[in-house]
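From the two separate chains plus the hints, produce the assembled complex.
Protein chains in written order, with my numbering: chain A, 1 to 172; chain B, 173 to 676.
By construction, these hints were calculated from the structure, which means they are not laboratory data. For each residue, glycine too, the CB sits at the ideal point set by N, CA and C. Warning: the hint list may mix true and false statements.
[As the list claims (entries may be wrong)] Some, not all, of what chain A presents toward chain B, calculated at C-beta under 10 Å:
| hint | residue |
| --- | --- |
| 1 | Ile51 |
| 2 | Ile54 |
| 3 | Ile97 |
| 4 | Glu120 |
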Amino acid sequence: METHTNRRPGEIAFNAALFGFSLFMFWQAYQISGFSALSSAGAFPMAMSAIMLIASAVVLFRSLRLASPGGGWSGFRSEVLPPAVLVFSLFILAYSITLKSLGFLLASFLFLLASIWYLERGPIGRTLLLAIASITGVYVIFRLVFQVVLPEGIIPERAILAALGDFFAGSK
Amino acid sequence: MMDALSYLFASWLQPELLALTAVGTAAGIYIGAIPGLSVTMAVSILISFTFGWEVNHALALMNGIFMGGVYGGSRTAILLNIPGAPAAIATALDGYPMARKGEAGNAIGLSTVMSFFGGFVGIIVLAAGAPVVSEFAILFQPRDYMLLAVMGILLVGSLSGESLAKGIFAGALGMLLGTVGLDPMTAEQRFTFGSVELMNGISAVALMIGLFGVSEALLQLHNLHLAAVKQKVDKIIPSFSDLKKYLPLSLQTSAIGVIIGALPGTGGDIAALMAYDHAKRVTKDPEVPFGQGAKEGLVAPESANNAAVGGAYIPMLTLGIPGDAVTAVIIGALFIHGLNPGPLLLIEKPDMFWFTVGNLTLANIFLLIFGLTGIRIFTKIIECPKGVLFPLILLLSVVGAYSINNSLSDVWWMLGFGVLGYFMKLYGYQVGPVVLGIILSRLMDDNWRRAIISEQESLPAFFYGMITSPLSAVLFLAIVLILLSQTPVWKAIKMHASPRLGRG
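Same shape as in the complex, but just chain B (with noise of 0.2 Å):
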């Protein structure tokens, strides 16, 4: 007991650490909030920059940038109508509004205190959650943990994306190109033609580092020259009595938010839109009509999107499986770094664990602090000319992408997959599944060929098992039902019967 609760606090009590945390956190405000810089891109480019410290280093700085970065989105929200991040989707439809009523301060005090509490309802949770988690997956099969990232993969394919067959597309694609290298069972070359290079497989780092950085950046070279619009922004601090009555909200707000953040492959972005839905629902009369500057369209997002944030922690560390975007680059970190997240994790290093929700309560307590002060330089950085921003960003991800391995064949793996996103986002593919599949890959691999031997390589008995396991049945049905709710999936159906004839 005493030795969780030394770990808890180490970073609160090591001033590199803490400094670390701040940074992060500050980073992140200003990571989320610039549109065109994602939290996905700050950190994928600084796992090649962090890769060579001590991991509670590099998970201080990553965690704060999470935490800052999901609030971060709300602030040009707000502001400026753009969502700096997707979680913030749903804060701009009540935020902006309020701001063009003069109150861009009340609403940006307000999302700020409620982003501090939702957070801390995740972090709760996370805390108490993770290690009943962490026991039960130990009862998971190899089958269980395979349909479990089939299910987050299936679920960030067709969320968020254009079409199912895009998303299903972007999934396979990033499990595909996880394959690559020595088969870690038999040692037999998979798709290395022959190069040396391609036995160590394609590095993962230098695959985000173009689908989130470089791509992104190209993509918004697309609308250089938008015109900010100016707020006035003055008291930011919230008044006690609207604190006072959207607390009861912002509660369940969290709770929407925990319970989609923990969900594999569902994030921040949904948990908010599910809980603005909430909001609107249980609202019988606002104050001001939703849409034209509703203070619970606020809070609701707001609490749920960094409510999320401790939510998706709970697969990341238990289950090895990333919630999203965001933990899928975070687990690579904690890859790189030799830990292996999954239910071990929280057995052999509960250090680890209570680090981090310590860390996370922390850059918390910081997301408040910076939330409510600086917001002076915030609108200065915030008017940063583009031009500067998207040259810096490349140069840092053609840096990073260097530093992995002190070698240029980094940087061409990086710029090809930068390429290949920049095409992919233009005719409307998600490059996430891309990245949740290339960190899934081994875990799928790994899994279905231990399913499949325990059944002595028999299909039947392995089907037979999925639907007699309840776990199993549970999952699969999940899966079903998430296809079968993605309507298109029947006309896809219908359709890849002819064009395979065709083609094939």
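Isolated chain A, as found in the complex (with noise of 0.2 Å):
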């Protein structure tokens, strides 16, 4: 792959970050069981948080020698945190918290909409034709045919497919 002469933005303190969790496992590991015994439960991951500790070390020694990536925030905003990512990211945080209450159906469909008209910008009539169309196959594949149990919710949609059921089963 390409290799870096510059830094960029934040490397260092993802590496950092790395080291010092290293440095936490490490720690922990060592609680387990100590250097009781080579065969102990601890043995295996105070060995490899030991290699984890070491490699983010040279990672970060590496990082440190490296130029500045200079561009400071909005360098660090345009390559590391682009508006789009940070935006979405709160989407998904939205839906997975909203999953459970609003039921999947609503909550989707919510999701989808609100990041489908970020990502697109098109206009609101075709935005919300997507979504639908979206969710309907996503119902169809998932929730029909593979079975899969997802979060009810407010749309008790269970019951309105039991009823559908029943409604083609009684009119044959």
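Here you go:
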């Protein structure tokens, strides 16, 4: 892959965080059974966290020697966290939180509507159409064909399905 | 014998399995072709949706996706110069120049038939080789399993990442995450921080969906509005004379593909690049120079990467060691279905093995059929707006993670790993070794402890055994060679002495 002579913005912070995490995990691994035996429950985790510690130290040290990325905060924003990624992450977060209470159908519909509108910026009618088409596709494939249990929430979807089933069974 | 035959054709005769394989292969072609979608992503998400199914049904779908996906990458490599999957990087080198000369149809046709051919070679080697390897594997000591796992992770970490140190970190991180929960041998708690939920460990599926699905989709948001170039696609059935001409080359590169695929840790992407290199060396005077649309440059990687599929199943099924990221995900699926891939699988579950062989063959045939038809629809679907595609991937990731246990906690894990994977990829870490690590963690831990207990806890005896047993010695040597071949390692060894003093 490409080699970098310049650091990417935030690279040191990330590498340092990984180093710190490795250190913490090494300490935690030591807490499991210490240096009691080579076959103890803690031996393998300790070995792995030691490897992580060494590797992350190497990576961190190397990144410290790279030239500074320049660009400051705006460089960080364009290269590491563009607005699209940030906004989208918030959408996913909101979706995950509301999935259970609103139910799959409603939460997914709102999520798709918001994100498709945000990413495509098309006319609202087209967005609505795309969202409805996508959610129908997903629902048919995963709920009806794959029979995946999805959170129901406030739309009594199972009752509707059962009623529909009864209706068609009854009309035969 | 009759039993084996009936298992072999199980997926051909049951309409449901037949349909699932067909759907899987067709979906795989599109998943492989659409840049931003990958086989690992699709299979990771599908595990969570299919784990309630019968294992054969789930396998049929996944085999199809794997087979189709490896091939599908070539489509966009040829048409757009964007390899849809890493295994198609070499294909773009000559495929795209061919398309620019108006020979896109010809290039697609030729690569389809050669993929089919390579895939077939891979399956034959799988059918013939796996029973042999598995008989041999019974002789493996715990130590050898450990070494094999180390080798696999090192290979994945070193061949495709930015630096070996980052690859090793990622592999070790995966292994460490795999140990979270109750220790299977002593029931001691490891990294549970007093939480009951953590006692069952971290869900490997949530990790996979996060690392392969969410992080990739987030990263793709960086370049959302790349305009696609349209190509004219005409006749795609390749001429018989072409096929005859390139068959010998295809056979050679298929052999390369199977061998590379069968090595733990190396898969279709490396096989394709090596095959391309091989074609360059053996083709004395190509009609068209390499890099400008040589058909040899298309035939070689395409037959090799599909041959690697069959090869990759060999260590996965016989040793329980996945060959690459995709097989790591598939092995995760097998675990979930209660199967334990390893040397005993072929003895205890011969039906599973022959089913897989037969099913891969079927998927390969579907690949040929779908590859040579439906190109018009293909060019339409490939233009599917990214603004719809990525929300859908994320939606399926969330719902997939939720349906593992019908709980939101897996969703949080999945999102956490998604964010971690996003930053890891951004800063040049590979996520493949993390997944391989979490899958192999149990195997490594168990075998390390078995090995060291059998040596009465003595490290010198352990190392003595390692160099005196021929098999262990060879594996150990291979690991040393992999490390040495990475020249930065020398720098790293010199370097890590100093910063650790300052920081420890």
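Earlier hints that do not hold, by number
Hints that this structure does not satisfy do not exist here, as all of them hold.
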